[in-house]
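Asker: Chains A and B supply the protein sequences, listed in that same order. Sequential numbering from 2 applies to the first sequence in the numbering used here. Sequential numbering from 25 applies to the second sequence in the numbering used here.
Everything labelled a hint here was simulated from the structure, so no lab data went into it. Relax, there's no trap hidden among the hints.
Incomplete in silico selection of chain B near chain A, CB under 8 Å:
{"id": "1", "residue": "186"}
{"id": "2", "residue": "187"}
{"id": "3", "residue": "189"}
{"id": "4", "residue": "190"}
{"id": "5", "residue": "196"}
{"id": "6", "residue": "198"}
{"id": "7", "residue": "213"}
{"id": "8", "residue": "260"}
{"id": "9", "residue": "263"}
{"id": "10", "residue": "265"}
{"id": "11", "residue": "271"}
Glycine is no exception: its CB is placed at the ideal position from the N, C-alpha and C atoms.
Residue-level listing of the chains:
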Amino acid sequence: MKIKITFVLWLAGCIGFVQAEDMSSALNAGFKSINQVGLDRLEQDPLQAFCSKPREESGDAAVAAELRETAMASVVLPGNGDYLGSWERGQQVANNGKGLQYSDNPEEANGGNCYACHQLDPAEVAYGNLGPSLTNYGARGQSDVMLQYTWTKLWNTHAYNVCSHMPRFGAQGILTEQQLKDVMAFLFDPDSPVNNLAE
Amino acid sequence: MSGSKIISVAACLVAAVMLTGPAYAEEAGIFDEYRAMFGDDNPAIFVIEEGEEFWFASQGPKQATLESCDLGLGPGVVDGAYARLPRYFKDVDRVMDVEARLRFCMQELQGRTPEEVDDHPYSLRGDLGTEMEALVAWLAEKSRDLPIAPGQEHDKEREAYALGEAVFYYRAGPHDFSCATCHGQEGMRIRLQALPDLTTHEGAAVAYSGWPAYRISEGVVRTMGWRMRDCFRQQRFPLLDMGSDVTVALQTYLAVTAAGAPMAAPGLKR
Chain A
2 MKIKITFVLW LAGCIGFVQA EDMSSALNAG FKSINQVGLD RLEQDPLQAF
52 CSKPREESGD AAVAAELRET AMASVVLPGN GDYLGSWERG QQVANNGKGL
102 QYSDNPEEAN GGNCYACHQL DPAEVAYGNL GPSLTNYGAR GQSDVMLQYT
152 WTKLWNTHAY NVCSHMPRFG AQGILTEQQL KDVMAFLFDP DSPVNNLAE
Chain B
25 MSGSKIISVA ACLVAAVMLT GPAYAEEAGI FDEYRAMFGD DNPAIFVIEE
75 GEEFWFASQG PKQATLESCD LGLGPGVVDG AYARLPRYFK DVDRVMDVEA
125 RLRFCMQELQ GRTPEEVDDH PYSLRGDLGT EMEALVAWLA EKSRDLPIAP
175 GQEHDKEREA YALGEAVFYY RAGPHDFSCA TCHGQEGMRI RLQALPDLTT
225 HEGAAVAYSG WPAYRISEGV VRTMGWRMRD CFRQQRFPLL DMGSDVTVAL
275 QTYLAVTAAG APMAAPGLKR
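Model the full structure from these sequences, guided by the hints.
Answerer: Laid out in structure tokens, this is it:
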């Protein structure tokens with residue numbers, strides 16, 4: 002126990018040379034509210050705080066496990082096991098990078114910006130690589146387990162990978178339940194270009 | 025600052041210096057070709073000339089020029105000053121980047137109000153450029169080819185580095201993004217846009233040395249302060265204040281990581 006505390010303090014010495022209060026006051030003085038975006042955006046929840054360590058240093062395993070459990074508990078599954086919407090609409094959500102920036106119109110629907118980080122439809126060449134390729138995702142399986150796993154990943158990715166870089170599209174209200182179903186269809190539907198591979 | 029803090033800061037600095045990787049090409053493919061078409065031409069040269077004119081222009085209630093502005097190397101010394109920023113300034117007892125310092129000089133020497141100086145420092149879409157952008161472009165040109173050498177001797181300079189690093193990894197907002205989300209790994213890109221890994225010397229050097237830059241897609245010179253503001257917009261954060269401790273700290277973190285590499289600004293970007 003003592004070793005563990007010493008280790009945490011050592012880490013805190015390097016990372017936390019900047020005390021939390023100093024950080025908070027610097028951030029609050031360094032930003033201004035604009036349009037629909039207020040300074041409340043600068044506050045961290047426990048997960049964000051845990052996942053802000055420099056150089057990907059790993060934190061306390063027990064805390065990580067607790068955060069994963071909290072993330073899992075946050076997931077709201079769709080009613081009637083009805084996971085799949087329209088892949089055509091899902092494709093638009095995947096392509097749309099707007100939403101929640103102060104430059105965006107809050108009246109318009111948010112996008113998922115999936116292509117920023119993932120390859121999906123192989124015909125789309127402008128894809129990023131911060132996340133894995135999801136081309137032919139439907140071939141990974143269509144079982145309820147696979148559907149629930151993918152829904153959970155979209156809703157709150159931290160249920161599986163505590164400090165994943167991916168946004169919490171469901172838990173943070175970035176996408177609506179219907180939009181998530183549409184993205185699911187884009188991933189799973191055999192007719193979706195994600196799975197309908199040209200020779 | 026306590027001894028243990030100095031040691032831990034030193035350890036952090038050593039770790040930052042050790043985190044180096046292979047050389048990094050910031051932008052690839054079509055933009056490279058497009059940029060190559062410009063050859064040695066960079067439309068920033070016109071902005072640089074404007075910047076020099078602004079420096080010598082009498083402005084504000086005091087109808088004074090910026091000629092006696094001290095950018096860290098003494099009043100009026102502009103050669104090599106940009107490469108030595110951010111740095112601690114005794115007269116204000118804080119660390120400043122080029123924009124914070126210019127903002128200070130405009131108020132002190134020319135008697136201009138913070139409201140006027142802070143109003144619209146960066147071009148909006150369709151603008152032809154601002155005074156701040158022109159001055160920064162000219163000052164960067166006056167440090168071309170000189171090694172990046174930000175101050176790290178004063179306690180406040182080291183505190184700025186530590187704050188900058190902490191901000192770099194600070195995840196917040198509805199998307200949980202930090203700077204590190206996009207700029208903490210090698211060989212990554214958003215869509216087709218290559219992302220420098222700013223935690224390595226090579227990545228930070230490419231990024232830091234090339235700003236300010238003429239942005240072909242926007243037709244204006246953009247500064248490092250603008251670059252950071254626009255990153256935070258995409259992070260879903262509020263508006264980053266020009267010259268604030270946060271932006272100065274981030275630039276200090278970046279400049280220290282890039283230290284030793286030659287300045288190559290104003291650059292030319294997509």
